[in-house]
Amino acid sequence: MIEMEKDVINEAEPKHGMTTIRAAASLVMTAVGLGVLSMPRAFARVGWLGGFFCLFASCVVSGYCCIIFWRALSLDPEARGRPMASFEEVGRKSFGRVGVTVCGLLVNILLVCVCAALLVVMGESFLALTGALNRRAWISICGVINMPLSWIKHMKDVGLVAAIGVGSVMITVLLIIVGCSKELISQEAPAQSELFPKNMLYYLYSFDTFLLSFTVGVTQPTIVAGMNSPTHFPKALALAFTFILVVYVVVSYVGYAAYGNVLDRDDSIILALCPLGVPLTITGWLLNITLLVLVAVHFVILIMPTAQLVDSVLKGDTKELTGMRDHSHRSSDSQRERDCRLDGSGVYCTLNDCPPYLILPQIDGAKSDQSLVAVGFGVYDAIVTISFH
Numbered sequence: 001m002i003e004m005e006k007d008v009i010n011e012a013e014p015k016h017g018m019t020t021i022r023a024a025a026s027l028v029m030t031a032v033g034l035g036v037l038s039m040p041r042a043f044a045r046v047g048w049l050g051g052f053f054c055l056f057a058s059c060v061v062s063g064y065c066c067i068i069f070w071r072a073l074s075l076d077p078e079a080r081g082r083p084m085a086s087f088e089e090v091g092r093k094s095f096g097r098v099g100v101t102v103c104g105l106l107v108n109i110l111l112v113c114v115c116a117a118l119l120v121v122m123g124e125s126f127l128a129l130t131g132a133l134n135r136r137a138w139i140s141i142c143g144v145i146n147m148p149l150s151w152i153k154h155m156k157d158v159g160l161v162a163a164i165g166v167g168s169v170m171i172t173v174l175l176i177i178v179g180c181s182k183e184l185i186s187q188e189a190p191a192q193s194e195l196f197p198k199n200m201l202y203y204l205y206s207f208d209t210f211l212l213s214f215t216v217g218v219t220q221p222t223i224v225a226g227m228n229s230p231t232h233f234p235k236a237l238a239l240a241f242t243f244i245l246v247v248y249v250v251v252s253y254v255g256y257a258a259y260g261n262v263l264d265r266d267d268s269i270i271l272a273l274c275p276l277g278v279p280l281t282i283t284g285w286l287l288n289i290t291l292l293v294l295v296a297v298h299f300v301i302l303i304m305p306t307a308q309l310v311d312s313v314l315k316g317d318t319k320e321l322t323g324m325r326d327h328s329h330r331s332s333d334s335q336r337e338r339d340c341r342l343d344g345s346g347v348y349c350t351l352n353d354c355p356p357y358l359i360l361p362q363i364d365g366a367k368s369d370q371s372l373v374a375v376g377f378g379v380y381d382a383i384v385t386i387s388f389h
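Take the sequence shown: its letters are residues 1 to 389, numbered as in the UniProt record's numbering.
Accuracy of the hints is not assured; some may be wrong.
Stated by the list, open to error - Label-pair restraints from in silico Cβ distances:
no., residue 1, residue 2, range
1, TRP151, PRO190, 44 to 52 Å
2, THR242, ILE177, 42 to 50 Å
3, ILE141, ILE185, 34 to 42 Å
4, ILE141, LEU201, 21 to 29 Å
These are computed hints drawn from the structure, not numbers from a lab. The beta carbon of each residue, even a glycine, is placed where N, CA and C say it ideally should be.
Please model the entire structure based on the sequences and the hints provided.
Here it is in structure tokens:
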């Protein structure tokens, strides 16, 4: 197995790309968005023990998905060792031209919709802070402000922006700690909380919410292809997920400790810290401003794959995007093994990035279905390995 892993990716890697630290920062800012504010509510649904169990389980499952995907990206039957740089390329190598179309549409429609939602959030935040103009005007202004950020050409440059985003995440966590600490100090009695959920179905809700908050698959091909050493992706993933897990644990703990089961009726911790109709405190102002920076960086990271697609289309250079090169020998057992795995990874990519919000709009974290699919492909991967070795 170790020898097979070494063969998966060789050292024919792009130079002058992202370091492991920058890649980790990009992964962090792919996962951490406004979802961090819903962590305490997920705890309120399942209690202390249930919350920690769901949080750690989702981290492990999502990390396993990412490792499977990383290996799949390097199983190119036409150019062994070169990581595929986009979902379109994975789709073509797995299913041909139909795969390019399906994967491209699913991924980019999802990313455009999410980025549009982020612009709406930014616009509403500016409106709440200033009280001037109107919702549409602020959304338009935010679109103009973020437009130049989408012109960043290489993922290594986005890594610098992601570092700023990581800083904003840390400041956000500190502000949430300050706000919740003030609430704890002012309380005469501890907030009511539970150890276990009253309804076992809430386990599924919380697990889905946490799993969605660890989702990095939408930008993983771009990040892996942009690294100096794609073989170091597991290190970047470990750094990113450790940071993300610490952030989620801290926010969930202080939020649930301060407000308890009251959070079950609020969508996010910010509604408890900054109630509607109440003038913002200094902490509230700083929190909203920091969240604007966080959302802006989150927007830049998520728009990157679509921006690269548009850039390639406008230049008329789609061969590099879809990996259409002149390599054509397919004979050995190891080659057939990679082909089998690639077909599986293509299905996984399609399911991983299918926009579930259109299908299950009322279920938080509906994308967690990807994890069950990934576990299935893990078993499939083992069977293929045993069969060919």
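Each hint tested on the structure:
The given range of 44 to 52 Å is respected by TRP151 and PRO190, whose C-beta atoms sit roughly 51 Å from each other. In this structure the supplied range 42 to 50 Å is violated for THR242 paired with ILE177, their Cβ-Cβ distance being about 19 Å. Between ILE141 and ILE185 the Cβ separation comes to about 38 Å, which falls inside the hinted range of 34 to 42 Å. Our hint of 21 to 29 Å for ILE141 and LEU201 is violated, since their Cβ atoms are close to 42 Å apart.
Hints 2 and 4, counting from the list given before, are not met by this structure.
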